[in-house]
Structure formats: structure tokens, C-alpha cells
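> Given next are the chains, with one letter for each unit.
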Amino acid sequence: MTAGTVTPHQPDQQTGRDGFAPLLRAEWTKFRTVRGWVIGMIVAVLVMLGLGLFAAGASSSSCQSASGAPGQTSHACGGTIYPVGPGGEPVTDNFYFVRQPLAGNGSITVRITSLTGLLPPADGNVPGGPNAPIDTRPGLVPWAKAGVIISGGTTPGSAYAAMMVTADHGVRLQDNYTSDTAGLPGAVSAASPRWLRLTRSGGTITGYDSADGTHWTQVGTVHLAGLPSTVQAGMFAASPAWQSISQNFGGGENGMIAPSQDTAVFDQLSRSGTWPSGAWTGDYLDAAGGSGIGEFHQAGGRFTVTGSGDIAPVVPGQAGDVGTTVTQHLIGTFAGLIAVIVVATMFITAEYRRGLIRVTLTASPRRGRVLAAKAVVIGAVAFVAGLVAAAAAVIFGAALAHARGSYVYPVPWPTELRMVIGTGALIAVTAVLAVALGTVLRRSAAAVTLVIVAIVLPYILGAASVLPVGAADWLLRITPAAAFAVQQATPQYQQVTAIYSPNSGFFPLAPWAGFAVLCGYAALALGLAVVLLRRRDA
Amino acid sequence: MSQAVPAGQPSLSAARHLDMVALRDALHAEWTKLRTIAGPAWLLVGTVAATLAVSAAATAAARCPSGTACPVDTTKLSLTGIQAGQAVVAILAVLAISGEYSTGMIRITLAAMPHRSVVLAAKAVILAALVLAAGAIAVGGSVLAGRILLPGHGFTVARGFPLESLADGPTLRAAAGSVLYLVLIALLSLGIATLIRDSAAAIGVVLGLLYLSPIILGVVTDPVWSHRFERYAPMSAGLTIQDTTSLRGLAISPWGGLGVLAAWAAAALLAGGLLLRWRDA
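Chains as they are written, first to last, in the working numbering: chain A, 674 to 1211; chain B, 7 to 287.
In case anyone wonders, no lab produced these hints; they're calculated from the structure. Here the structure is a predicted model, which means the values were calculated and not measured. One thing to keep in mind: the hints can contain errors.
Unchecked claim - Here are the in silico distance ranges between beta carbons for each label pair:
id : chain 1 : residue 1 : chain 2 : residue 2 : range
1  : A       : P815      : B       : S171      : 42 to 48 Å
2  : B       : P168      : A       : A1183     : 42 to 48 Å
3  : A       : R1039     : B       : A117      : 39 to 45 Å
4  : A       : G723      : B       : W284      : 27 to 33 Å
5  : B       : A135      : A       : R708      : 37 to 43 Å
6  : B       : A66       : A       : H888      : 31 to 37 Å
7  : A       : A1186     : B       : S171      : 42 to 48 Å
The beta-carbon is built from N, C-alpha and C at its ideal position, and this holds for glycine as well.
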């Protein structure tokens, strides 16, 4: 990619050691002087961007922005507003909070002796309107939670740390929506109560748990940035919506969703630090400004707190979901990949077709280096093309979606950066794979088809087709399509119940692990190509 | 077939006779070309193998645990492999014409048979016949795999999943339609390859045209746009021929969907044929 002056002869000092740089320049010259290849790369960028913008635009027109206030970027269709947590991710911040202000440092300790709840009927049909009581069957959703919490404020999306008991997952220390640390296992009952303690020292909050109130274990320490000197602290109860998930073939999944509630009994409350002497304030915090289920009763030292909702990250793809994710704005990657694969394959197969390969190999007899130079040049070009297209699709896609009143799930900037760079790298490594397979097969049509089918078909079968989730997961683990994990916008959260299927944009492998699978295939193909290139007559 | 008749021809019927002779010779020539190189035979074997392997894998992966409702179109499931097999068919069809351009053979072919539309028609006929035969084997095997594997995975007769059988009307329509689908994909690919000439670019365009519609359908939530894609995109529309359950919910009827694909193939062949006549080879 040096745009320097072209000299017809190599300098004398390089003739002895057969430098790599002249090879690179030779391959770069070959690439940039074939008009079709340069056009192919430009086409790749344009289709990636075009399809991304189409996906951003065509996913939003069903959504009419009633308020239409420009700049109101957290506005979503259907009145849903997701506040943004301290990490930049969309969060649910609805729960019943029994609170008092704590000025400066201090601690709060409670005992919980019971956690019970109510679920909607098993068929998911909630009788009556939104305010009808759900008194249909006792039970708890797995992540029903109650405990003590220290929060930066009552604004939705505030920083917080909480020690809680849960229905099925024991004691947990959760903070800032996304973090979740396990404490004592087992369910809570009168015979087996749980003691919870939070201490605050500046921006540091430490959580402890105990089964008897004398032997304490530190569950974890968290640092909350920007915590004000006076925080809201107290007891809370929350119970995520009950979901009935039936896994469909073909049509994805059916999710029925209905509110649930839980009730916890607190006693043995003790505090240190500067607390007011007045009564406790109990209210239901709801980001959307609505009212939810929740109340509290105080009898002596005993508090009974009922709540619903959740304090957790929002996972896209849940029932009733209306927004789009940044991943959808990158959907054009497939079209761009096809164009890049065609160009990268022709980068080597054209040499065979025209007989240029004999000239190339005569000029530089070290064949492995020739292939390496080709891989570096086409990889670098493809990386730049992919990076530019992905960045443009992410930036303009979000702008277009916002302009059309559509909600785009906010993504923390490091994740967005990973998605853009990862897309460029995905396209670059695929180009290297295409060059390698083009060398092995020497036939453009066969090589192009093999690469496209290897990377595109598993995605279609896995994410958009009839395969059951188990088989789809395996396809996206062992085929080159695993690399699309770099485009996953939202991580899987163990503390949020959702359908984490490829269908809704969740890949079975971690982003860079999935990318490593593709790199493995590319390295294997490149190794095979070098061996065959050396052994075979050109 | 309305080629310019050389000046000395005595009558129209004689000219037509000559056209028939030209077509017969062209068919013979194309058949000899495909028969005498190893590539096409292997690609036909590859079509059958890819279709069967993916169909059997999809069928083997499906489970219907007792106590759950399984709204599965088992016929469509057992024909999943068509989505892979069509890629091999596309290579075969693209190479049938691009192969001649890459070797320069096309100039000899057109010198020997100056009626260019006849050459393309002969290629289309031979290709269609070969893909029809391979497709029949692939689809028959896929249905058989479904018949053997599905009852063992909970899709039993007792639970409303009749044994896969070609005697069943909708299943026969899905199976025969899938064979025709492969034939139409071959013709579409042939048309596009005649337009583009370069094999790598042609195969890229064909696979992009086919595979992009299911991917885009996965993210487009706007009902108007998804309806358009389901109705008019070649792969999405064409594969509705495999649907045997909840036909009312389809964006287009099964035969209508196959008709859309046929229109794509006809348009590609027409455009390819016209450019073949107009352009220098």
C-alpha cells in the first residue's frame, strides 16, 4: 500500500536477500491495476452500506413516533423507554424500593426469612386489565429477587450495588445491572434464613452474607464510579416477568410474557452511619413513569416488601421487543463478503487462467512468500474495505433509524468498536481463506462457491431456517460462520431469562473465540495451499 | 429461433427444418462437451451428495419430545438439503458457459454454430435434463431419509405426523417441485453466467441473489418489506413449493412461488441470450 514512486529495478542491496517488500509491492500493483477487482471492492463497501441502511430503514417504518421530538433518542415505539445504565447498555430499572437517604459512609444489615410470590396462570392469559390482581397461583420465577440495595439515586439507570436472595440462584451480589456474583447457595426459608450486609466507603461497596448472623463471608467488592455522597439505601423486591417459551422450528420461538410478583420478609435491621430518624419511604420505581405492583408493611422491626419488575440489563429479542440492534445494521456484511470472496479468489485464479503464475513464480521462486504476499495484500485491502463499510453502516444506520423514530438498542462504545473492527477482520480473514482455497483448487467457480457456502450457508441454516436450536448452535460453533460472533451486540446474561438462540442474534461462542474458528480454517487452508503450491507444477 | 435465413433458402419450412437440424446438432455438441470432461459428472454427484447430507443432518437433528407441540413441516424439513444442493447446481450451470469463455472455447463453438440462441437453448436443455435426473435422485433420497429418521425422533403417526410418502399429494408436490426448483436454479445461473461471462463473478452474483433473501428476511421487521421479499425473491419464493402445512399463512402460493423463480430464470436467460447475440464473444 505504499504510494511511493515506482522504480523499474530493485536497489542492489535487496537482490541478495530477496526481500518481502518488493513482493508486496508487486502484488499490490497487480491488485490496483485490475479495474474489475478495484470495482469489486468498492461494490463490496457499497452493498454492505446499502443493505445495512435498508435494514435500519425497513425495520422502523411500522413504528410511528407520536411525540416526534427530535433529539429524544431514547424514545421507542409503543411507549417503551429503556434507560441507559452506567456501562452504556439499555437496562430495566423497575422495582419496589423501601428507602432512606444515607449521607456519607455507612452500612445496612438485614435478615430475610421468607421469599414467596405469585405467578400468572400457566397459559399466560392475565384476566382483566393491567391493574387486575395476579392472584392466580403461588410460585416464583427463577430470578425473583429481594434484599438490600445502595443506589446512586432514584433516576432510572442509576449506579447501584445490591445483596439479594433469589428464588433459584441463592444469594447474589449484583451491581450496575450487568455484574452478578454468587454468594451462599440454596433457597431462603424461616428454618434457613439469610443475613445480608452492604457497607459503603466512598465509591466502594462491599457485600457480605451469612446463614446465622455471626459468621460472615465477603461476597465481593464493587466500585461505583460517580456515586454521590448521599445515596438512597434500603430494601427492595423485584420479580421479572414470567415467560413461557415454546421453541418453534422455522418460526423462531413463541414467547408469552406476563407480570409476576414476589414478597420478602425482612427483620433484624441494623444500620451504621448517618441515617435520618424518620419513616421509610416506599415507592415503585418505573422508568416509563407507570405504576407497578409493589407495597410494604412495617410492623415493629419486621418489614414485608412486595414488588415486581427487574433491575437488570435489557436483552434484545424478548417478547414484545420493538427495537433494532446494531447487528442488524451490519447485515450487509454477507453481500460484501460475497463480493470480497469473488475478488480474492480471482486474485490467484486469474494468474492460473492467464498463465501469469509462471511469470510470477519465475520472478520469485520462493513460492510460499508469493502466497504470503498475496494474502497480506488482499487481507489488508479487504480489512480496510470492511472497516470503512462497517463503520459507515453503524453510524449512518443508527442515524437513519433515529430519524425514522425507531429505537436502536444502545451499545457501549467498546462493543461497537469491537463489532466494527471485528467485521473488518472477518472480511479480511475470509479474503485470505478465499486466496488459499483458490490456490488449492485453481478454479474460480469451485473456490468461490466453497467459501461462500462454508461461511454463508451455516448462518442461513443456523440463524434463519428450520434447524432446531441445538443443531444451529453446533453449526455456528464448528463452521467458519462462527466468526459472525464478532457482530453480537449484547452479551448473554445469566441473570436474565431470555431465548439466547442464533435466531435472536446470540452466538454460541464468545466474539473472538468465534473469530478464532475462522482464523483456524484460514490457517489450515493457507498451510495446504503453500504445500500444494510448492509441490505442484504451476 | 427466428435466425436470419441465408439468402438462398427456398422456403420457410425448409428453414425451419434447418433450425431443427441446428438444434439437434447443438444438443449433440453440448452433450458431448459435458460428457467428456470430468467436472460436470462430479458436480452432479456433488449435488446429490450435498442435498442428501444436509437433508439427513437436518432431519437427524430434529426432535419432538413427548408432551410438547411440534409445529413442524416435516416435509419441508426433510428437503432442507436443497438449500445446499442448489449451490452445486449453480456451479455446474455457471461453468457450462463460463468455462467456454475462460478457455476461449466459446469462439470455436460460435464459429461452428453461428446461431447463438440455438447454442444457449441447447445448453439449457442439456443442463435441465441433467439437473432433473440428479435432482430426482437427491430429492427421492431426502424424502426416504425423512421417512426412515423422523418416526424415531418423536414425529410419529400417532402424533399427527404421517410417514413421508410420495403417494401423499402435498408431499409429492413438494418433492417434484423441489426437483423443478433445482432445474430453475440451473437455468437462472446459466442466464446470469451468460450475462457476466466470468465464472467467479457469475457464481458470486448467483449465490448472493439466492442466499441474501433469507438473511435479510431475518432482520427486516417491516411487514410490507418482508412480504415483498417472500413473494419476489427467487429463493424465498421458489422454496414455498416445499411448504405442506399452514399454506394460508404463506405470502405466495407454492406453485405461484415456483412461478416467480421461473420468471427470474426466464428473464436471466432472455437477457443472457440477447447479450450473447449482440456482444462480440
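> Taking the beta carbons of G723 (chain A) and W284 (chain B), is their distance inside 27 to 33 Å?
holds (29 Å)
> Within 42 to 48 Å: is that where the Cβ-Cβ distance between P815 (chain A) and S171 (chain B) falls?
Holds, at about 44 Å.
> That 42 to 48 Å hint for P168 (chain B) and A1183 (chain A) (C-beta), does it hold up?
holds (43 Å)
> Holds or violated: the 42 to 48 Å window for the beta-carbon distance between A1186 (chain A) and S171 (chain B)?
With Cβ atoms ~44 Å apart, the hint holds.
> Holds or violated: the 39 to 45 Å window for the beta-carbon distance between R1039 (chain A) and A117 (chain B)?
Given about 43 Å between the Cβ atoms, the range holds.
> Is 31 to 37 Å respected by the C-beta to C-beta distance linking A66 (chain B) and H888 (chain A)?
violated (53 Å)
> Range first: 37 to 43 Å. Now tell me if the beta carbons of A135 (chain B) and R708 (chain A) are that far apart.
holds (39 Å)
In this structure, the one hint that does not hold is number 6.
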